Amino acid sequence: GAVVSQHPSRVICKSGTSVKIECRSLDFQATTMFWYRQFPKQSLMLMATSNEGSKATYEQGVEKDKFLINHASLTLSTLTVTSAHPEDSSFYICSAWTTSEGYTFGSGTRLTVV
Amino acid sequence: KNQVEQSPQSLIILEGKNCTLQCNYTVSPFSNLRWYKQDTGRGPVSLTIMTFSENTKSNGRYTATLDADTKQSSLHITASQLSDSASYICVVSANLGNEKLTFGTGTRLTIIP
Chain A
1 GAVVSQHPSR
11 VICKSGTSVK
21 IECRSLDFQA
31 TTMFWYRQFP
41 KQSLMLMATS
51 NEGSKATYEQ
61 GVEKDKFLIN
71 HASLTLSTLT
81 VTSAHPEDSS
91 FYICSAWTTS
101 EGYTFGSGTR
111 LTVV
Chain B
1 KNQVEQSPQS
11 LIILEGKNCT
21 LQCNYTVSPF
31 SNLRWYKQDT
41 GRGPVSLTIM
51 TFSENTKSNG
61 RYTATLDADT
71 KQSSLHITAS
81 QLSDSASYIC
91 VVSANLGNEK
101 LTFGTGTRLT
111 IIP
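Residue numbers (the numbering used here), protein chains in the order written: chain A, 1 to 114; chain B, 1 to 113.
Calculated directly from the structure, the hints in this document are not laboratory data.
Listed next, with one range per pair, are the computed distances between beta-carbon atoms:
hint, chain 1, residue 1, chain 2, residue 2, range
1, A, Lys20, B, Gln72, 34 to 44 Å
2, A, Lys20, B, Asn18, 43 to 53 Å
3, A, Gly53, B, Ala79, 43 to 53 Å
4, A, Asn70, B, Leu14, 46 to 56 Å
5, A, Pro40, B, Val45, 12 to 22 Å
Keep in mind the model is a prediction, meaning the values are calculated, not measured.
Note that beta-carbon positions come from the ideal geometry of N, C-alpha and C, so glycine has one too.
The shape of chain B in the complex, shown without the other chains:
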């Protein structure tokens, strides 16, 4: 069964600090991995997308890594801001003829001043 597990479930850090969120997956056959940011009461917004051959991708203060061998990904947030408070969702896609997405349950990140 395809699964995506994220850790930690929730995280609170001080404004300006860095943090790293983790994503482990058992999705096959792997197609790509996406990180999304979801503000409360809003739809997810794409941060990064990585395919099998990519092991790092940055989008401003967000840097995602992918280790396809160990089936792990991380999202590193640098110099956190209050607006970074949101849920971060790891989504892994399987290529089964058509793309099938498996969503992680997300990490709830709270930035405090």
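This is chain A alone, in the form it adopts within the complex:
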């Protein structure tokens, strides 16, 4: 089945630094990748939708200059959290859609900003 590889699985960074999270679609092309954030005991919240070769579409309230999304190829999308602060600590998950299997999620990245 479709697999989305996401890494790193965990990252700890200092406040003020930037962190890049990568999601790769294995054995299929993902023209669209979705990025979610999940706080403890809460549901996944869509942050942005990235389309290969074009600008990402951000949900209301998500700062596009803080959460930089790049979808330069059909198999790779990246989310960069810039100038991270402790309140950015969260679980970040990507997802790609295929006609055969619907939405496939990455394994998630636990970001802790200290």
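For chain A, the structure is supplied; the task is to place chain B on it using the hints.
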């Protein structure tokens, strides 16, 4: 406003027992409903997907039902195993030109030996 509500919030059952999780939704126009299993610290994994015309779908020990009239779905787990301990998330899709997902907050299921 599209919403998905799940109950119970958490559930603890003995290994080998059955359980049923509930999902009520107010999503329009309805496209499909998915149940996902999410282990702690991992991404969700799809269990079932149902469209408007389907009222039941099974995947091994998991059986999902859908009543599109009452906008309710359930996920029944048979003969629970310790590995079933996870959060189960109901996700409803609206067809608004492009698909828009609404996530439930999940049911945290704990299986104890």
